[in-house]
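Asker: Each chain, written out:
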Amino acid sequence: MILILNGQRTDVSADPNATLLWVLREQLKLTGTKYGCGMAMCGACTVHLDGQAVRSCVTKMSQVEGKRVTTIEGLSPDGSHPVQKAWLKEQVLQCGYCQSGQIMQAASLLAKTPKPSRAQIIQALNGNLCRCGTYGRIVRAVERAARGEV
Amino acid sequence: MATRISRREFVVGAAAGLTFAFAIDLGRAGRVVRAGAQSAGLSPNVWVTINPDDTVTIVSAAVEMGQGSMTGMPVVVAEELDADWSKVKVVPPPSNPVYGNPGFGGAQIIAASRTTRSFFMPLRLAGAQARRVLLDAVAAEWNVPVSELTTEPSVVVHQRSGRRISYGDVAKFAKVPAELPKMTPADLKRPSEFRLIGKSLPRVELPEKVVGRAKFGIDAEVPDMIYGAVLRPPIQGSAIEAVDDSAARAVPGVIDVIRLPWGVGVVGSGFEAVHKGKAALKVTWKKGARAESYDSDRLLGEYAGIAASLSRPGLELHKEGDVAKAMGASVQTFSAAYVSDHVYHATMEPVNALARVGADGMSCELWASTQSPGVNQRAIAGVLKTTPDKVKVNVQLLGGGFGRKVEQDFVLDAVLLSRITGKPVKVIWSREDDVRNDKFRPLAGQFLQAGIDAEGNLAAWRHRIVGASALARLLPPVYEALKGKDEILIEGHEISYSCNNQLHEYLREDRGVDVGPWRGVGAGYNKFAIESFIDEIAAAQRIDPVAFRLRLLAQNARARTVVEEAAKMADWGRKRPGRGLGVAFSEAWSYVATVAEVSVDRKTGKIRVHNVWAAVDPGIVISPDNVSAQIEGATIFGISHALQERITFDQGVVQQSNFHNYQLLRLADAPDVHVKVISTDNNPTGIGEAGLPPAAPAVANAVAALTGARVRQLPMLPERVLAALRA
Chain G
3 MILILNGQRT DVSADPNATL LWVLREQLKL TGTKYGCGMA MCGACTVHLD GQAVRSCVTK
63 MSQVEGKRVT TIEGLSPDGS HPVQKAWLKE QVLQCGYCQS GQIMQAASLL AKTPKPSRAQ
123 IIQALNGNLC RCGTYGRIVR AVERAARGEV
Chain Y
681 MATRISRREF VVGAAAGLTF AFAIDLGRAG RVVRAGAQSA GLSPNVWVTI NPDDTVTIVS
741 AAVEMGQGSM TGMPVVVAEE LDADWSKVKV VPPPSNPVYG NPGFGGAQII AASRTTRSFF
801 MPLRLAGAQA RRVLLDAVAA EWNVPVSELT TEPSVVVHQR SGRRISYGDV AKFAKVPAEL
861 PKMTPADLKR PSEFRLIGKS LPRVELPEKV VGRAKFGIDA EVPDMIYGAV LRPPIQGSAI
921 EAVDDSAARA VPGVIDVIRL PWGVGVVGSG FEAVHKGKAA LKVTWKKGAR AESYDSDRLL
981 GEYAGIAASL SRPGLELHKE GDVAKAMGAS VQTFSAAYVS DHVYHATMEP VNALARVGAD
1041 GMSCELWAST QSPGVNQRAI AGVLKTTPDK VKVNVQLLGG GFGRKVEQDF VLDAVLLSRI
1101 TGKPVKVIWS REDDVRNDKF RPLAGQFLQA GIDAEGNLAA WRHRIVGASA LARLLPPVYE
1161 ALKGKDEILI EGHEISYSCN NQLHEYLRED RGVDVGPWRG VGAGYNKFAI ESFIDEIAAA
1221 QRIDPVAFRL RLLAQNARAR TVVEEAAKMA DWGRKRPGRG LGVAFSEAWS YVATVAEVSV
1281 DRKTGKIRVH NVWAAVDPGI VISPDNVSAQ IEGATIFGIS HALQERITFD QGVVQQSNFH
1341 NYQLLRLADA PDVHVKVIST DNNPTGIGEA GLPPAAPAVA NAVAALTGAR VRQLPMLPER
1401 VLAALRA
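From first to last, the protein sequence lines stand for chains G and Y.
Add 2 to a position in the first sequence, counting from 1, and you land on the number used in this note's numbering.
Add 680 to a position in the second sequence, counting from 1, and you land on the number used in this note's numbering.
Keep in mind that the hints were calculated from the coordinates and are not lab data.
Mixed in with the good hints there might be a few duds.
Here are the simulated SDA-like pairs of lysine to any residue, each with C-alpha atoms no more than 20 Å apart in a straight line [said to hold, decoys possible]: (1) G:K91 to Y:K879; (2) Y:K1072 to Y:A900; (3) Y:K895 to G:I6; (4) Y:K1356 to G:R142.
Chain G residues, not near chain Y, derived (Cβ > 12 Å throughout) [what the hints assert, rightly or not]: (5) M3; (6) Q10; (7) D13; (8) K36; (9) V56; (10) Q65; (11) K69; (12) A88; (13) L90; (14) T115; (15) K117; (16) E151.
Using N, Cα and C, we set each Cβ at its ideal position, and we do this for glycine too.
Whenever a hint applies, use it, and build me the whole structure from the sequences.
Answerer: Structure below.
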């Protein structure tokens, strides 16, 4: 099946019932998208589907056929997306395992809502768990990205 | 050099599952020795290579699991080497005893907040030694006394002649001397001379993490790799009665079903295939496992009862003075019991490992998120009946560790499946596997008793801790050497508060369910009990809890400072409508005082934590921002477990399975955490866990201050808060 993967038209040979997360990781070698729970409870696997943040662990390949899929590797060519830069400025990450998902979630929020309120940030990112407890820095980094101070 | 192994055995028992035991060399292994194999650069010791292109390669002393050691430890080497940090390349530690942790008798284990504390001096000496080798080489080359040479970042300078040479250029001609210069602490910089230590340098591995290129254990891959999953019994220790694998074998992508001593393995072409295959297995488990009667709700009451049965002797952990006499002479006595449920690690990266056993079955290469590469080598060697040097461990980045990844269970899944299939096998536990088969923090019951004198000071203190032992399972020789004092379980029982008559006891209970280290482990529940109890004593006397602590800490300036600082940060004296403040102090790993600001919904019993202020003194601070980040994170972790984390067992079966019924704190419920890092000229101490112990008691004390209700149970679930409100 054809999809637009990180901006490239890509022909993927996959079972329509296969899960996007595992096709990305095992077949397409895009391991930046992480497995956390397999039931859309943690957000570690978040990617963009036609610009919307979705959980790839519960997304079937049949749902992405012909659509644009963007992973952390494709968010920017060189790590220069304002959210990625803000994440470094605030030194948000600890283990970093959940952060691909956090960054993809934050990027999708800012694409739709360039100047989010704190309540909007919390609402948008509440589905993304971070065991290291970086929540405070996540909020600060989103606010920084929104201010353009990156 | 190989670390001696005085005992190693690997027993595969039908009923017992897996037991392995090994000894670590309790003497200090040589830490700074010459590398056997030299690269193109100059390697004065195993930690440093100075390359002709002027870059400096420094081996990180610790695996990176989020704690920042992969930056902090190389910074320490670079400081004394006087290297230009922008030219430093950091590499993770190879599995080799020369990189062993002095804090674990030279074993390569990264746990218990012992990295900075144990490596700080050896790494400084290693950096200084490398610098001295460069200076000696330049002195000989230029024929000047070495005393006339100084360094600027990565440059050797001869002030008198104005000559300068970069480290890279020195590496082009310098040779490592047959006998390395011996360095002593007198050769090291004074703290006032530090250029790198004390600066918040950006973490080295974060740029790779924000673009998704960083390689965690779960991302490892080798050619011809297949995947594996293992079904374990729902009740620990149950043996297999019968396996019907016909449906599992019919799942597309499943290659084989393999019986293991501890479960049933499925190998196949991908994660989804093997986990579908695992779900399709029909296994009948034999009855009779010891854990069949394990019921956590019942044990909470039972352990509290054992703790309170003062006639039942415990293992003496600490004794001074005469507690019984002092208690009898006290003007007032207090006692209380505290209990805490099992909690789950919930590393965001579930445990996983990739193993490639050699064709001869006697060697192995491992790629894993592991906190214990040195133990992995021995455990794998035990399985393969070979020697640890035949096992190579490629340490990957860890998506969280928190003590879970010191274990060998997930590693041995991959090793055995690889040995049996003859292929490299990558095993990734599903979240459900990870929850159900975790080695939880022990369920604990505690009893505290205290007496005060006429001035209201502590005259007698008795603390009894009841729980299972983690050390007895993990490191039997160490457990034996410590005569049963499970230092994981009892962590944090010590108190800094002045009291001349003390007795601390541990009563081990073994009910057939494994427990393990967790973030903060024993200190997590011990400080909950101690700090709650101190508040109860203060409240009974109508003394302000900050003032009471400061009085009891009169002899301890560092402890007083953090308590005063946290109170100041929180504006302790200011009343706030509908909200209460609580304070707690802990000297576990580092000095930390925490103040929590809470409100309580009196209808539902739900606690909300709005703000937390924490002050920490970890001695010399390598990176203030990283210390702050660790305290912020451990505070959130601590509040999460204080409010809502709980694993329950019903007749031996874990009742939770994923994040829908094991709820971690989410952003919307997370307080703002404000941290003050106080650097003092003391040896640096651990900061990965130190923020956790005071978090829960600060919340409990705030709830009590606000409502009068004392919750003596972790987690402080709404129904438990309601019960305390009604009491």
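Asker: Does each hint fit the structure? Answer for all of them.
Answerer: Hints, one by one, checked against the model:
no. : hint              : in the structure
1   : G:K91 to Y:K879   : holds, 15 Å
2   : Y:K1072 to Y:A900 : holds, 15 Å
3   : Y:K895 to G:I6    : violated, 25 Å
4   : Y:K1356 to G:R142 : holds, 18 Å
5   : M3                : holds, 17 Å
6   : Q10               : holds, 16 Å
7   : D13               : holds, 19 Å
8   : K36               : violated, 7 Å
9   : V56               : holds, 16 Å
10  : Q65               : holds, 16 Å
11  : K69               : holds, 20 Å
12  : A88               : violated, 9 Å
13  : L90               : violated, 6 Å
14  : T115              : holds, 16 Å
15  : K117              : holds, 19 Å
16  : E151              : holds, 16 Å
Hints 3, 8, 12 and 13, counting from the list given before, are not met by this structure.
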